[in-house]
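Visitor: Chain B is already provided as a structure; the job is to place chain U on it using the hints.
Residue numbers (this note's numbering), protein chains in the order written: chain B, 4 to 510; chain U, 4 to 510.
Note that these hints are calculated values from the structure, not bench results. Please note that the accuracy of each hint is not assured.
Example chain U residues on the side facing chain B (calculated, C-beta under 10 Å, incomplete) [unchecked claim]:
id : residue
1  : 11
2  : 229
3  : 230
As the structure is a computational prediction, the values presented were derived from the model and not from experiment. Ideal Cβ positions, reconstructed from N, Cα and C, are used throughout, including at glycine.
2 protein chains.
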Amino acid sequence: MDRIENARFLPDWLARSAGSFPQRLAVQDGQTRWSFADLDRAASRTARQLATLGVQAGDRVALLAGNSCTYVAVVHALTRLGAILVPLNARLTPGELCWQLRDVRATLLVHDARCAAPATAIGRELSDLRRAALAETAGNNTTAIGALPGADVALRSLIDLDAIQAIMYTSGTTGQPKGAIITYGMQWWNAVGSVLNLGHAPDDRWLACLPLFHIGGLSILMRSAIYGIGVIVHERFDAATVNRSLREDGVTMISVVAVMLKRMLDALDAEQPGSGYPPALRCVLLGGGPAPYPLLEECARRAIPVVQTYGLTESCSQAVTLAPGDALRKPGSAGRPLMPVQLRVLRDGQPAPAGEPGEIYLRGPTITPGYADRPEETARAFRDGWLATGDIGYLDGEGYLYVLDRRADLIISGGENVYPAEVESVLLSHPDVAEAGVCGQPDAQWGQVPIAYVHLRDGSTLSTSADELLAYAGQRLARYKLPRAIYFVGPLPRNASGKLVRRALRE
Amino acid sequence: MDRIENARFLPDWLARSAGSFPQRLAVQDGQTRWSFADLDRAASRTARQLATLGVQAGDRVALLAGNSCTYVAVVHALTRLGAILVPLNARLTPGELCWQLRDVRATLLVHDARCAAPATAIGRELSDLRRAALAETAGNNTTAIGALPGADVALRSLIDLDAIQAIMYTSGTTGQPKGAIITYGMQWWNAVGSVLNLGHAPDDRWLACLPLFHIGGLSILMRSAIYGIGVIVHERFDAATVNRSLREDGVTMISVVAVMLKRMLDALDAEQPGSGYPPALRCVLLGGGPAPYPLLEECARRAIPVVQTYGLTESCSQAVTLAPGDALRKPGSAGRPLMPVQLRVLRDGQPAPAGEPGEIYLRGPTITPGYADRPEETARAFRDGWLATGDIGYLDGEGYLYVLDRRADLIISGGENVYPAEVESVLLSHPDVAEAGVCGQPDAQWGQVPIAYVHLRDGSTLSTSADELLAYAGQRLARYKLPRAIYFVGPLPRNASGKLVRRALRE
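So here's chain B without its partners, still in its complex pose:
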């Protein structure tokens, strides 16, 4: 008896949920609703179609598509073939996509109708790469790739936790993307850690308005299959549509980033000022970076159950999450590490004392084993088995994490650390400010100084001389944190998951 082998293989998650809850909603996409039995059938049919296209175990299959039921079917189909999912960011240019496809040595590109144009452009550049178009999701027609016949191949019924589920490209904040390895074990342990923290009810439903090609979206699909709960998939984020979905679709959980949540509140106010959500919504999981304080306060006023989380692609989404019971007691904190995760905050290689910032290190079964085909970058990312996240934070006396910023975005001004997120949060607390981004600018005297880019709300009466806003910020921030300049601009640059891209601010 080999214990480790015993704990390595699990029954296929989707198949098990389909066996236990065949009629329960698995995934809903607009008007299309698939039960677990439907999704299970779709996954197997799609797997056989992919086999017809030559997909074999270990192949890297790129998926370029918007959020939909069919997207979910392809994800599970690849599992049944033992093939590796490479989810592509639909907002990238064909040039960027070609770079990733070459780098990962993809053998097939699966795309939907919305991505037909970039797929064609890619085809011109990578003429050897096979392509397959997904059918539109329609009713219970669970055939993903049109009328293509399925090959008679054996599909896997066990999931190997040590196997690679996906290779997901991430830039970090600095430069060249690299493919982070996501194993099934990472997904499993993440789902388990999440459920032990957030709880689990059989009638839970998770709203996914984050792109499924990011870890925050993909991990929702895995939780759905593992828990046997439904996912309400939105093709894109639209605040009013999401608000309606929260009221009408029996949603109990939603994952968002701060800018989304802010827009959802604005959309609520447009209908009924100060309103909130039905009590069935028991968890608004807020990730994607430090949240502005005023937003958290506003949610508390409306009894919106926000819990902050901290995670990254390399930690398979949530690594540290506030417990729902701590939301009001620890505002601004990302909470404590999920059960399987170990966390350290180090300064000069030593654990930082409570309250003192340092770099965040993570270890445990939800942490990536590394970057595909990049042993050097993998080695650089780890120290003694701990992932160096590049994020700065501190632990309070009770071990709760407060994330300050990305180390790469940190501004050092006259020897003082200025955390852009903190300055942005003050600017955002002004009622006329819709978006704010802060970054460092070289300065002969101070080394760096913070400067701010602000996007005002429609109808703002704020003076664009900046004096008025600087005076407001000056009452709330130490002098060295005060932006040296404020530029009033249009909407700020964000990545596909809505995160501010600070290094693009100056461009």
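Guide: Okay, now just chain U, sitting in the frame of chain B:
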């Protein structure tokens, strides 16, 4: 980066819950209530006291005590020392206990005041075995072993899932008890499988009226530490007391066997006929063998949320459990395997068709790696990595398990396993007994009771009133194993290879 190592060590469960929920109730025993901070402190103090007594990593420490807060402290203390718990069945005779203590090579016997008499008797026979008496639980006095000072030793902060938590004696089908290995991984995966099936809420509370020395009780303690939920520990099962606790102690989950549940309903009727429990009680987990149909129907009438479960010591309690949503649709079924468990019903080595009985086989991370120090018995128990349970059952068309007989000849009396071969071997040890056969007889109160058929040697002078032989057996067997009746008969029915055919005894 070694993935497997990464998924092998978890933060100490109790310490983590104490960090996250210091003030939340961890364990309550009568009037004593310990928060997670209290229990955490008690576990560390007790660990240091055990170290003073010489306990080291890998030592096998026997615990002979009734259910109490202190029992829980000792369980977690052993974890922090890396020592192995050997929970003894307080209903066994001193002779039976000495056999187990010798067999397991225990280095220390920890006992409470209630078990002082058997501990003294054991001390007379095993004079080399050190003994330690537990203090009575009182208020927040979290020192388990009186005023004994604690040694200054390093306590473990990580749990190795591959390490042995406990060795738990079970008789299997063949009389002689053997120590089943229970690893931390088995407990962890069981807790995870349970939560994915039964759900999890932070304010859950589990009532433990099963003995903590059985796997059904011990696994509740592990779930409590892993989930961060409270356990209401009852020293012994008393139906009216349990009913009061269900009404007054915020209990949401309870584990019972059928005979307990029946008495609880009777006690309810004595107060108010036909009454049930508060809606907060969301799960009555019913194990310990097939449940009588009328009992399930009666619970359904009273809206008592019963879910049946099937498991054994070797599967770390639940292996197969009904989903709460299926309770009314699948009465009599033990449900589907918990997520990490694989299940097969085999007849003549082949999967039995739906509806056809066969032997139940189990595989997965909640299944024991084997029996301590018994490689041959371990090898016999497994086939290709699958545990042969010896239990008979069938799967319906939807994959739901119906257990027919908990091992062909096993007698379950009041939730306790009575193994015919063990009772027979005691009877056979009497010089006048030539043959002995034991089987179960239906009993309104206990479900089943053992009865014996004995063929005396020629020239026996034994009184055939049975009193004399019963007195002999009573000195060697726990009370619940004692045959209710002994019939003196001619030669017993045997098959061609000379094996006793127990099912033919009553004919």
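Visitor: Okay, which hints does this one fail, numbers in order?
Guide: Going through the list in order, the structure violates no hint and respects every one.
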